[in-house]
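J.: Residue numbers (my numbering), protein chains in the order written: chain A, 1 to 268; chain B, 1001 to 1268; chain C, 2001 to 2268; chain D, 3001 to 3268.
Please keep in mind that the hints were generated in silico from the structure rather than gathered at the bench.
From the three backbone atoms N, C-alpha and C, an ideal C-beta is built for every residue, glycine too.
Misleading hints may appear alongside valid ones.
[To be verified] If you anchor each label on the Cβ, the simulated ranges turn out as follows:
id : chain 1 : residue 1 : chain 2 : residue 2 : range
1  : A       : Ala233    : D       : His3002   : 33 to 41 Å
2  : C       : Glu2219   : B       : Ser1209   : 25 to 33 Å
3  : A       : Phe176    : B       : Glu1211   : 18 to 26 Å
4  : C       : Val2098   : A       : Asp36     : 52 to 60 Å
5  : D       : Glu3226   : B       : Pro1228   : 14 to 22 Å
6  : A       : Asp70     : C       : Gly2212   : 26 to 34 Å
7  : C       : Asp2096   : D       : Pro3193   : 23 to 31 Å
8  : A       : Gly212    : B       : Pro1228   : 27 to 35 Å
9  : B       : Arg1142   : C       : Gly2206   : 23 to 31 Å
10 : D       : Gly3206   : B       : His1238   : 53 to 61 Å
11 : A       : Ala233    : D       : Gly3261   : 51 to 59 Å
12 : C       : Gly2194   : D       : Glu3226   : 15 to 23 Å
13 : C       : Asp2036   : D       : Glu3226   : 50 to 58 Å
14 : A       : Asp70     : D       : Pro3046   : 32 to 40 Å
Given next are the chains, with one letter for each unit.
Number of protein chains: 4
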Amino acid sequence: MHGFFTPKSATGRASLIPPPPWHYSGDLLTVEYRTDPARVAELLPPPLGPAPDDPGAVAIIWADWQSCSDSREELLDPVRAQYKECFVVVRCSYRDRVYSRCVYIWVDKDFALVRGLHQGYPKKLGSVHLTRPHPYGPAAPRLAAGGALGATLAAADRRLAQAVVRLSGPSPHNGFVNAHPMAHHRWLPSIAPGAGLALDELISSGAESAEGGQPWAGEADLELFEAPTEELAALSVHEIIGGYYRQVGVTWNGGALLESGTSAAEGS
Amino acid sequence: MHGFFTPKSATGRASLIPPPPWHYSGDLLTVEYRTDPARVAELLPPPLGPAPDDPGAVAIIWADWQSCSDSREELLDPVRAQYKECFVVVRCSYRDRVYSRCVYIWVDKDFALVRGLHQGYPKKLGSVHLTRPHPYGPAAPRLAAGGALGATLAAADRRLAQAVVRLSGPSPHNGFVNAHPMAHHRWLPSIAPGAGLALDELISSGAESAEGGQPWAGEADLELFEAPTEELAALSVHEIIGGYYRQVGVTWNGGALLESGTSAAEGS
Amino acid sequence: MHGFFTPKSATGRASLIPPPPWHYSGDLLTVEYRTDPARVAELLPPPLGPAPDDPGAVAIIWADWQSCSDSREELLDPVRAQYKECFVVVRCSYRDRVYSRCVYIWVDKDFALVRGLHQGYPKKLGSVHLTRPHPYGPAAPRLAAGGALGATLAAADRRLAQAVVRLSGPSPHNGFVNAHPMAHHRWLPSIAPGAGLALDELISSGAESAEGGQPWAGEADLELFEAPTEELAALSVHEIIGGYYRQVGVTWNGGALLESGTSAAEGS
Amino acid sequence: MHGFFTPKSATGRASLIPPPPWHYSGDLLTVEYRTDPARVAELLPPPLGPAPDDPGAVAIIWADWQSCSDSREELLDPVRAQYKECFVVVRCSYRDRVYSRCVYIWVDKDFALVRGLHQGYPKKLGSVHLTRPHPYGPAAPRLAAGGALGATLAAADRRLAQAVVRLSGPSPHNGFVNAHPMAHHRWLPSIAPGAGLALDELISSGAESAEGGQPWAGEADLELFEAPTEELAALSVHEIIGGYYRQVGVTWNGGALLESGTSAAEGS
């Protein structure tokens, strides 16, 4: 049986996702803010703990991606390459090191969703939009001071978040919350009722290589909305840190198992 | 950390899927046919083997579902309850017993997709349609002899399958291919490149309870189409067995681990 | 050039919609309520006036349809036949007769949207869901006293309306607001800026034939939500009249021009 | 009653589209080719005739747009601004002048669809994708010689067209087929059966202003696929002329009525 993921088959061609490395080119719109550190802490299972500095810092990031495998064949059939996502990142500590951690994420394609299951991103489907800067015509901001970009997230026919970033100038960085290796859990319940977790791994991963353009910073507004099946709004906005825009290219090629069986997370 | 699935959180409310039992009410349109038994056998990893009788039998099933948890709250917010799926089932043998096995499946909602990951269904997203019988007006077949129902499947903007079933009369059954407990694998690659599978389970599961209406049988046409990322068309139609329609209700409440680490499937 | 609608072509086969008659089979979930009659009146351009009785009555109707042309070929390719809609109906008077009038409507397919343009329904795209009663399994209400049905509407990634109807018993009718011939305008601006309307017709139409099952009535809850590009919430709920469910079949085959050029509506 | 389009209301805010001018910023991928001139001629109703030179020339254009009204408010709620389209343009002659004419077009948003009805574009909904050049990472071509871009079109769950353009170098133009003012018909059938057309206008329009970047040219492949409700494949590819990519900005602000009632098109 061949194929990196299911469905596995005689040839492996039907697999929903190809083997890594996975390559990405895209645009990131980030809003960083501070929430109650207790709301972040309760999303960090053992052995993770709060980040030592600024433990209530949160980044919500909208991304407009193309992605592909080493063959790059997806790029000529772009329905298989293009997707958008909105994800929420906090920081945590593990063995005296600071990690980033994605606590909520919505994407709009299946291949992105199950890649997330492999990487420990807790993905759901959502409807994600972000304004695209463009050099011509009145229907886009320029990537320049004064450019205003909007971003929205919805799932299950409810709007969950919306943001506006008004660019003020170049920035030495693209934010600090999503700047560490990721510490993620990979969890799958046992098939037998009440038998706990069949998979309970703490893993780390990060970009194998990355490049990007000049980051831009600006003022940001962010609204989060309640929904019966979401807890994003519990990370309420106490103070906006800033907004950022950057074009990037990234290659991801797997990660490392940190430990197994220690998260004390509910499994059934 | 609470929640049956990711994202896990302080309350568990954000989990993409609630804990089982999962309840289903819906309509099934089935076409059964024979393909080359070798094409079925190559989808059966060890320790599974071909079914002793009619080893090339295949069922392709279109289903129009509502599903919910024990709370039934999803039924009043039906965007969270309704989905459609198309799935392909073969039979296999394991320790002298015959099992059904889903080899390909497409659904149109995220909660259905990740439930499949828990249950060992190799789900992708697709666009699924099937004609609905209705008692009034000219724009629907009646559930009666002469009623004709169509069904289609597409993914990544390509049509993958289409079928027509022309009902001829009541039937003592709804087909025989999807009539056994399911023998499924739950596979997840290791996060470290080249490290094989982190999860490699052979599990069985079936309905905890089920009920249904009178099955109907009829003549069926089925066309399968090639696509660069699918292998459904390799299960080419050698001989149509029959078409079936039935309304059913099902409750699923977990399964049992049969064995672990023996599939010899590719993991990276 | 052939074809009932655009694109017209040598054969007419590419037309987005076939010529009437158009046939429908489907399920209707209706909530009737009273709003401020002034909010209804301002949606009635000359020569229409308020209905003489109960001029603030409103019906919001969710419908789950199959539709087809005389060939019925759409029914075997159900992506071309199935759609859902949510529409808002008020009553008005014209020349001493009472008419129904659709003031807002959202559908989820293009053929339904442009049929509305022909018929004078002011259609937009939306995401529409309504609970489906089903005779088997726990994941559906039965069509019986105590059955509870939900319905939701969203557009542009915002929820606009949600309702719950709890069935109490059979009803002699399916509501009274959508029970008259429709009085609709067909408006199209001139292509030249500032040149007013190129088409300004008041037309009437109704079902050429209709049949249906036993209506059910029940208690209803309805919530309407604000959105920057919608005015549905201005028809605020002052008093719920009732909720209804009915399965129906309808044929529509054109209407009649009442008058032209008199609406005094903005055209540019 | 206010509002440029339906639904008209007391304030005009609910109108599906705002009044022109309409502004656009976006990216165009064009493939130009020659088909049988008879296939083009049969899409040109009186008083239009074939273009005097190269009457079988066709352009199929994929566009990835942001659009907005004068308020530009849509740009901060990008679900209301972004859409993609694929459209097919031929040339024709009218009173000794050459015009371009869109004969088929698919878009993926409702506001774009009904703007087309105003402008005489025969729009349907479709699923449209085109590769986006990007300056960073392996998952995008650079806008440079050797860059390869793919584009696809699907509707009703069937793929209708796919193209690949391999950029070879800068070009003095972006193709010649879509380079003239548009000559379009605005047609609406009468509401009464058999009564012909209620609106039958030949109009012309073009950009009020336009700007753009350096066009790029390259080699192109194009495949068109049959579908039961489409006639695109009848414009079969006899000879590829070339492929083009260009970023543009455009403002559209209405057009002019050329004549009325002369198309001899079917109306019912």
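J.: State for each hint whether it applies.
T.: Hints, one by one, checked against the model:
1. Remark: the range hint 33 to 41 Å for alanine 233 of chain A to histidine 3002 of chain D is upheld by a beta-carbon distance near 35 Å.
2. In this structure the supplied range 25 to 33 Å holds for glutamate 2219 of chain C paired with serine 1209 of chain B, their Cβ-Cβ distance being about 31 Å.
3. One distance hint, 18 to 26 Å for the beta-carbon pair phenylalanine 176 of chain A and glutamate 1211 of chain B, is violated here, with the actual separation near 57 Å.
4. The hinted window of 52 to 60 Å between valine 2098 of chain C and aspartate 36 of chain A holds, with their beta carbons roughly 57 Å apart.
5. Checked against the given bound of 14 to 22 Å, the beta carbons of glutamate 3226 of chain D and proline 1228 of chain B, roughly 19 Å apart, stay inside it.
6. At about 59 Å, the beta-carbon gap between aspartate 70 of chain A and glycine 2212 of chain C misses the expected band of 26 to 34 Å.
7. Evaluation of the 23 to 31 Å hint for aspartate 2096 of chain C and proline 3193 of chain D yields a pass: the beta carbon distance comes to about 26 Å.
8. Taken as a hint, the range 27 to 35 Å holds for the pair glycine 212 of chain A and proline 1228 of chain B, whose Cβ atoms sit roughly 31 Å apart.
9. A hinted range of 23 to 31 Å for the beta carbons of arginine 1142 of chain B and glycine 2206 of chain C is consistent with their spacing of about 25 Å.
10. Between glycine 3206 of chain D and histidine 1238 of chain B the Cβ separation comes to about 57 Å, which falls inside the hinted range of 53 to 61 Å.
11. Checking the proposed 51 to 59 Å range against alanine 233 of chain A and glycine 3261 of chain D shows it holds: the Cβ atoms sit about 58 Å from each other.
12. Against the hinted window of 15 to 23 Å, the Cβ-Cβ separation of glycine 2194 of chain C and glutamate 3226 of chain D comes to about 44 Å, which falls outside the hint.
13. Aspartate 2036 of chain C and glutamate 3226 of chain D have their C-beta atoms about 54 Å apart, which keeps the hinted 50 to 58 Å range intact.
14. As the Cβ distance of aspartate 70 of chain A to proline 3046 of chain D is approximately 56 Å, the hint placing it in 32 to 40 Å is violated.
Hint compliance for this structure: hints 3, 6, 12, 14 are not met, and every other hint is.
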